[in-house]
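> We have chain A already, so just place chain B on it with the hints.
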Amino acid sequence: MTEFSADEFAADFREEALAHLQQITRLLLDVERDGVTPESVDGLFRSFHTLKGLCGMVGLERAATLSHEAESLLTRVRRGQHPLSGERVDRLLDAARALQDIIEHREASVLSQVLSQLTEAERAGLGDAVVSLCTFTPTPERAARNVNVASVRERLGQAARIVRAMPLQEGGQVRFAFLLAGHAAPDPTLFPELEWVPVARSEAPRQPTSTAVRVDIPRLDEVMRMVGALMHTRARLELINQEVRDDRLEELVARMSRQLRGMREAVTRLRLVPLGDVLSRLELVVRDVSRERGVQVRLLLEGEEVQVDKLLVERLADPLLHLARNALTHGLETTDVRRAEGKPESGTLSVVARREGESLCVRVEDDGRGIDRQQVTERARGLGLPAPVTTTDLLDLLCRPGFSTRPQADLGAGRGVGLDVVAQAIRALGGRLSLETEPGRMTAFMVKVPLSLVIVDVLLVEVGAEIYAVPRPEVDRVIEIEAVLLVEGGTLVQDGARARPLLRVGDLFGVDGGAPRYGVVSDRGPVLGVDRLLGMQEVVVQTLTDPLVARPGLAGTTELGSGRLVLILDVPALVRDALRGAAA
Amino acid sequence: MRKMVMAALRPLQASFVEAGTGLEAIEKLALETFEAITLDLNMPDMHGLEVLSFVRNHQAYQKVPVLVVSTRGEDDTRTQVLAAGATAYLTKPFTPRQILDALRPLLVEAPVD
Numbered sequence: 001m002t003e004f005s006a007d008e009f010a011a012d013f014r015e016e017a018l019a020h021l022q023q024i025t026r027l028l029l030d031v032e033r034d035g036v037t038p039e040s041v042d043g044l045f046r047s048f049h050t051l052k053g054l055c056g057m058v059g060l061e062r063a064a065t066l067s068h069e070a071e072s073l074l075t076r077v078r079r080g081q082h083p084l085s086g087e088r089v090d091r092l093l094d095a096a097r098a099l100q101d102i103i104e105h106r107e108a109s110v111l112s113q114v115l116s117q118l119t120e121a122e123r124a125g126l127g128d129a130v131v132s133l134c135t136f137t138p139t140p141e142r143a144a145r146n147v148n149v150a151s152v153r154e155r156l157g158q159a160a161r162i163v164r165a166m167p168l169q170e171g172g173q174v175r176f177a178f179l180l181a182g183h184a185a186p187d188p189t190l191f192p193e194l195e196w197v198p199v200a201r202s203e204a205p206r207q208p209t210s211t212a213v214r215v216d217i218p219r220l221d222e223v224m225r226m227v228g229a230l231m232h233t234r235a236r237l238e239l240i241n242q243e244v245r246d247d248r249l250e251e252l253v254a255r256m257s258r259q260l261r262g263m264r265e266a267v268t269r270l271r272l273v274p275l276g277d278v279l280s281r282l283e284l285v286v287r288d289v290s291r292e293r294g295v296q297v298r299l300l301l302e303g304e305e306v307q308v309d310k311l312l313v314e315r316l317a318d319p320l321l322h323l324a325r326n327a328l329t330h331g332l333e334t335t336d337v338r339r340a341e342g343k344p345e346s347g348t349l350s351v352v353a354r355r356e357g358e359s360l361c362v363r364v365e366d367d368g369r370g371i372d373r374q375q376v377t378e379r380a381r382g383l384g385l386p387a388p389v390t391t392t393d394l395l396d397l398l399c400r401p402g403f404s405t406r407p408q409a410d411l412g413a414g415r416g417v418g419l420d421v422v423a424q425a426i427r428a429l430g431g432r433l434s435l436e437t438e439p440g441r442m443t444a445f446m447v448k449v450p451l452s453l454v455i456v457d458v459l460l461v462e463v464g465a466e467i468y469a470v471p472r473p474e475v476d477r478v479i480e481i482e483a484v485l486l487v488e489g490g491t492l493v494q495d496g497a498r499a500r501p502l503l504r505v506g507d508l509f510g511v512d513g514g515a516p517r518y519g520v521v522s523d524r525g526p527v528l529g530v531d532r533l534l535g536m537q538e539v540v541v542q543t544l545t546d547p548l549v550a551r552p553g554l555a556g557t558t559e560l561g562s563g564r565l566v567l568i569l570d571v572p573a574l575v576r577d578a579l580r581g582a583a584a
Numbered sequence: 585m586r587k588m589v590m591a592a593l594r595p596l597q598a599s600f601v602e603a604g605t606g607l608e609a610i611e612k613l614a615l616e617t618f619e620a621i622t623l624d625l626n627m628p629d630m631h632g633l634e635v636l637s638f639v640r641n642h643q644a645y646q647k648v649p650v651l652v653v654s655t656r657g658e659d660d661t662r663t664q665v666l667a668a669g670a671t672a673y674l675t676k677p678f679t680p681r682q683i684l685d686a687l688r689p690l691l692v693e694a695p696v697d
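Residue numbers (this note's numbering), protein chains in the order written: chain A, 1 to 584; chain B, 585 to 697.
One chain only, chain A, in its complex shape:
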């Protein structure tokens, strides 16, 4: 009996299928640019063939059929029955896009969401049973007919064993997923209100062994967290050593520090991938948009080999794609216009990435019409905003939500998400967006982001109208403050049997917060008093490098999803300062 491990399988499937699609796209674009070679046809054939098998295994029938058709087309090309013409390349690219849609379709994500939350026991309980998965979307109409999550659950429960019923975390709507096990899958016609998601068993043949393994980022994060925990342990050992003063212990602690640093660096390096993964995605976008808009464009890519954190690559993809689309829709002129202006008919879009110290710089430049200052000024006036003086003003205006000089949104850029979204995404990465433009000649957007993304879990707290973030490792417990005790030189708060000094976060930052209702207890003695607790969140830390802003007690800033900037507290420094102040 094979153990059911479809969760890993689902994740592997997606990862691998998308890698093949990326390969297919790259080969097709090569063919289009440099002509057909037997190797490229073979490569395409192999990838489509593998995709067919993969999709078949997870029950994505339509995707399997599509891959099969592509494979047949390539077989005929291989046999010399017809050439790989431009039209056929288009058909294959369309197929690749359709496949991508299907694979990224929510069904796959429903499966992985449900499977990822199964407990060990639930998973083991699946045994040899036939597993099926369906979803139910509640609507007022259904509720009026008494078709609701409770009634659906009851009826499903009669047809099979419900292993797990759970709400799905999706954009706007609420859906429920039911994972069922039984001797046979329930008859879908008996449940017209449900959508069924294909589930495959994991008896799938394994890929031939290679020296590379795919590892999910969360697993690397887990390792990183453990390294962090080890460092904490080391720090405590060192404290003990300061008390007992033992040479052997001291040497071991020093050695352990070096080893831990090495380990942290090694884990950090594991997360690095070449930037080429994102840049190659640009090729497809450029090709599509330039066709749509009737512009001719040459794409120059540089810096594909630069190694960057996987997460950074993922988060940079959308902003860069957007900037490239912008360049093609707003920047580059059509062939006729370029000819009339005496420019080369084909425009150039260059995307150049390089490392600059601890930052990654990407420059997206087009040799198009430049940004029309006049037009921006008029639009600014229309909105009651001051006219731009410097290029920075210009960029600020362009990055305002809803600011567009285009009369209507078109397909490429300007689908309601504009530069504001790009700028916000870059800021969230702790980076900066800047602009250079010359009328009639060029526009360049420069993205500069720190190479090392520092991501931490924080507890968000509220004081007055301000929100602060306390790094999770500093939070030992949270208490409700019922009464405080005023003593000479400060305030004490009751924490179980102990009284601890209270530090009002409001006082530290000059924010009027009233009497704190909650206390964040760290293992550093004092309790941080706040008005409200807003919850845990994972945020990207932006360190404060500007000496005018940086101050002890602040570990950095972060931007919340709402765009709100929040200060991250450096608890050890705050506590140190406060104790020193009290002593003085």
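In short, the hints are calculated from the structure, not lab data.
A portion of the hints provided could be inaccurate.
[What the hints assert, rightly or not] Per the computed footprint, the stretches of chain A lying under chain B, defined by three or more beta-carbons under 8 Å from a beta-carbon of chain B, are: (1) 216–228; (2) 303–311; (3) 474–482; (4) 528–535.
[To be verified] Each computed SDA-like pair below joins lysine to any residue, with the alpha-carbon atoms no more than 25 Å apart: (5) B:612 to A:137; (6) B:647 to A:464; (7) A:448 to A:355; (8) B:647 to A:506; (9) B:647 to A:567; (10) B:612 to A:424; (11) B:612 to A:141; (12) B:647 to A:424; (13) B:587 to A:355; (14) B:612 to A:142; (15) B:676 to B:688; (16) B:647 to A:532.
Model, not experiment: these values are computed from the prediction.
From the three backbone atoms N, C-alpha and C, an ideal C-beta is built for every residue, glycine too.
The following block gives chain B in isolation, referenced to the frame of chain A:
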């Protein structure tokens, strides 16, 4: 328990919708708009914390105040609940007066940014 809570909250002169399980609660949330939620950690199908984290992770319900009630009075439960985004926490047993006092401020407070 639900009947008791609703009886205790009657002075608020609000209308109540009750749900017997976590899934039902989330369904109700999807179909109607609410000014506040009281949530018992002890439910037949889901843990109250799961419901709470679902609510907090969902854009549409992020700002709805949630009062969590539970028999578990241990400190770590309280920490977990508050860290998971509960607006307030009340330990059973409580008097009608206590739950009323706990919920009333949640209804007038402006939603969090």
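> Run every hint past the structure and note whether it holds.
Consistency of the hints with the structure:
1. With a threshold of 8 Å between beta carbons, the proposed coverage of the stretch 216–228 of chain A by chain B is violated, since 0 of its residues qualify and at least three are required.
2. Closer than 8 Å: that is the beta-carbon criterion, and the stretch 303–311 of chain A has 0 residues meeting it against chain B, so the requirement of 3 is violated.
3. Only residues whose beta carbon comes within less than 8 Å of a beta carbon in chain B count, and the stretch 474–482 of chain A has 5; three or more means the coverage holds.
4. Residues of the stretch 528–535 of chain A lying with their CB closer than 8 Å to a CB of chain B number 4, which satisfies the three-residue condition for coverage.
5. Distance check on the hinted pair: residue 612 (chain B) and residue 137 (chain A) sit about 12 Å apart at the alpha-carbon level, within 25 Å; holds.
6. With a CA separation close to 17 Å, the supplied pair residue 647 (chain B) and residue 464 (chain A) stays within the 25 Å bound.
7. Of the supplied pair hints, the one linking residue 448 (chain A) and residue 355 (chain A) holds, its CA atoms being roughly 9 Å apart against a limit of 25 Å.
8. A threshold of 25 Å between alpha carbons decides the hint, and for residue 647 (chain B) with residue 506 (chain A) the separation of about 23 Å falls inside it, so the pair holds.
9. With a C-alpha separation of about 21 Å, the suggested pair residue 647 (chain B) and residue 567 (chain A) falls inside the 25 Å cut-off, and the hint holds.
10. Between residue 612 (chain B) and residue 424 (chain A) the alpha-carbon distance is near 34 Å, which puts this suggested pair outside the 25 Å criterion.
11. This hinted pair checks out: residue 612 (chain B) and residue 141 (chain A) have alpha carbons roughly 13 Å apart, not beyond 25 Å.
12. Taken as a hint, the residue 647 (chain B) and residue 424 (chain A) pair is honoured in the structure, with Cα atoms around 22 Å apart against an allowance of 25 Å.
13. Between the alpha carbons of residue 587 (chain B) and residue 355 (chain A) the distance comes to roughly 64 Å, so the proposed pair goes past 25 Å and is violated.
14. Taking the CA atoms of residue 612 (chain B) and residue 142 (chain A), the gap is about 12 Å. The hint holds against a cut of 25 Å.
15. Only pairs whose Cα atoms come within 25 Å are accepted, and residue 676 (chain B) paired with residue 688 (chain B) is accepted, the gap being roughly 18 Å.
16. Only pairs whose Cα atoms come within 25 Å are accepted, and residue 647 (chain B) paired with residue 532 (chain A) is accepted, the gap being roughly 13 Å.
This entry does not satisfy hints 1, 2, 10 and 13, going by the numbered hints stated previously.
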